[in-house]
Amino acid sequence: MANLTAEELHALEDTMNCEQNLIKKFHNYASIAQDTQIQKACQQSAKQHRKHFDALMSYLG
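When we follow this note's numbering, the leftmost residue of the sequence shown carries the number 1, and every step to the right adds one.
Hints are computed from structural coordinates only; laboratory data are not their basis.
A hint or two may mislead.
[What the hints assert, rightly or not] Listed below are the simulated BS3-like cross-link pairs for lysine-lysine, each with C-alpha atoms no more than 25 Å apart in a straight line:
hint, residue 1, residue 2
1, Lys24, Lys47
2, Lys25, Lys40
3, Lys51, Lys24
4, Lys47, Lys25
5, Lys51, Lys40
6, Lys25, Lys51
7, Lys40, Lys24
[Said to hold, decoys possible] Derived Cβ-Cβ restraints for the label pairs, each shown as a range:
hint, residue 1, residue 2, range
8, Asp14, Gln34, 31 to 41 Å
9, Thr5, Ala55, 17 to 27 Å
10, Ala6, Asp54, 16 to 26 Å
11, Gln20, Ala41, 13 to 23 Å
From the three backbone atoms N, C-alpha and C, an ideal C-beta is built for every residue, glycine too.
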């Protein structure tokens, strides 16, 4: 793990929480969407935010 300051860790935590929320929201949107193109777009967005979350998690070790 990189040597992060308390402020940097807090910012990382906030960003990870936002990414988790976006993942949940896009999964939810995909589950309620009736148009298959919208479902696919929401699923793709959820995957992209999962990649962001995983990248951030890698900084923690």
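For which of the previously enumerated hints does the structure constitute a violation, in increasing order of number? none
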